[in-house]
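Participant: Letter by letter, the chains look like this.
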Amino acid sequence: MSTLDTSYQQQVAHYYAEHHGWIRAWLYRRLGNACDSADLAHEVFLRLLAKPRRFDSAGHARAYLHGMSRHVCVDFWRRRQVEQAWLEVLAGRPEAVAPSEEHRALVLEALQQVHAMLARLPEKVAEAFLLAQLEGLGYRTIGERLGVSERTVTKYMAQAMYQCLLLEAELDEALV
Amino acid sequence: MKRSSDPLSEQKPSHAVLQQAADWYARLTADPHDASAGEAWRRWHGQSEAHRQAWQYVERVARRFATLQEDGDAAARTLRTARRTDLSRRQALRTLGVASGGALLGWLGWRATPLPQLLMAWQADYRTATGELRDFLLADGTHLWLNGATALDADYRPERRRLRLFAGEVLIETAAETRPFVVDTEQGSLRALGTRFSVTQQDGFTRLAVFDGAVEVRAAGSGATRIVEAGQQLRFDRQAIGAGEPAAAARQAWARGMLVAGDIPLAEFVEELSRHHRGHLAVAPEIAGLRVMGTYPLHDSEQVLAMLESALPIVVHRPLPWWTSLEARR
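Chains as they are written, first to last, in the numbering used here: chain F, 1 to 176; chain Z, 1 to 330.
Accuracy of the hints is not assured; some may be wrong.
To be verified - Ranges of calculated distance between the beta carbons of each label pair, as one might list FRET restraints: (1) Z:ILE227 <-> F:GLN10: 54 to 64 angstroms; (2) F:GLY67 <-> Z:GLY242: 21 to 31 angstroms; (3) F:ARG151 <-> Z:ALA35: 18 to 28 angstroms.
Bear in mind the hints are in silico, worked out from the structure with no lab data behind them. Backbone N, C-alpha and C fix where the C-beta goes; we use that ideal spot for every residue, glycine too.
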């Protein structure tokens, strides 16, 4: 499955001709920004290419693409929101160190990835993972902060990593 | 932790294997200095391709966090805020019957260099741990120096002397005797013709460097043979024997506790160093080809990393206590 068969590519090209217009318009209504909506409309079709799918009817395709458009929209908002939160944290700093454009892009990308990974986790599990991975705290200290035993922290850490591994495995599948 | 029953042919880790990898991660993070856990992990890791694949995912997750650790405090605060707003919006969306997609496709599939095949033969007669150099004198007077993370069996019979190298590197000074002296590796066998030579079992091939006398190589698959003279080194796999080149001084310098790099790619250097470094060393693909020269102290891998950092446009990240990755300096 490493190379997409050309017949499927043609199929997607056909869907593109058929549906791209309304998807872009729909996204534009939601976002109010032509640039972003054009990007996201393309992302819908990229996702369709990455995860091949056949539709029984034009109506089926339309419904699926509609759902997909909502997904990319939600993801887009989520990315924005991470960016917003980060800028606020930086602005609250006593001395404003302006990171380079490149570094900024790198950090934002990583923040969005980690945010997506944490989204599936229960509150305490996510918090334990953040404290260990980003603040470098040991299990004992984390346990004290969260009011749980070290054993439980170990369980949280395994649980968090497991969810992240599922995402990684999913990602691999989406890419091959 | 239970043994996985996955057949070796199955590449994709099952959910059970992913769970095991996550458990190992939690256990190793709890106490990075727990040597017995590290050893048990290495065994688990070597058990199957699925285990190794699952562990690569662990590394990828760690890599995603690595970028953020420089300013971990800001990152943690950002993520907490984003999580809170996300939660409230998600609740709102749920009432509308909208689920969120995984946001996966934007991710870059950064791949760490595969973990070294640490499938150590733990029952082997002679072995060294990572970072350990040892020498042994065999009954016939043959002298063996084992580089870090090396395992081999010695099988001496009245009619022949035979070593089986499972992993790592051994420098051999054979004692003059009438019995033939043969070293077997995964890819073939090496017959010593009165000699000093080093043999390295790599992933998929064997490397031979001859310093004295000569060695006859025989590839196990094709049966091809070649005699390698003193001052020469080459690689071979089960089918073919590669071209000879001048023997690198590094192939015997390690026996004196030195790592000698004569203009070699960083990836190769790090592979060498990893035999002396506790924990995993990874190199980002974009810097794997940087050239390294010089003589480095093998007993202090942290010192070597610091030397590399000052000599090359790289930074050393330590996203996890037992995991070190070298990346391009930005």
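Participant: Hint by hint, say whether it matches the structure.
Facilitator: Okay, the hints, checked on the actual structure:
1. Z:ILE227 <-> F:GLN10: 54 to 64 angstroms: holds (58 angstroms)
2. F:GLY67 <-> Z:GLY242: 21 to 31 angstroms: violated (54 angstroms)
3. F:ARG151 <-> Z:ALA35: 18 to 28 angstroms: holds (21 angstroms)
In summary, the one numbered hint that this structure violates is 2.
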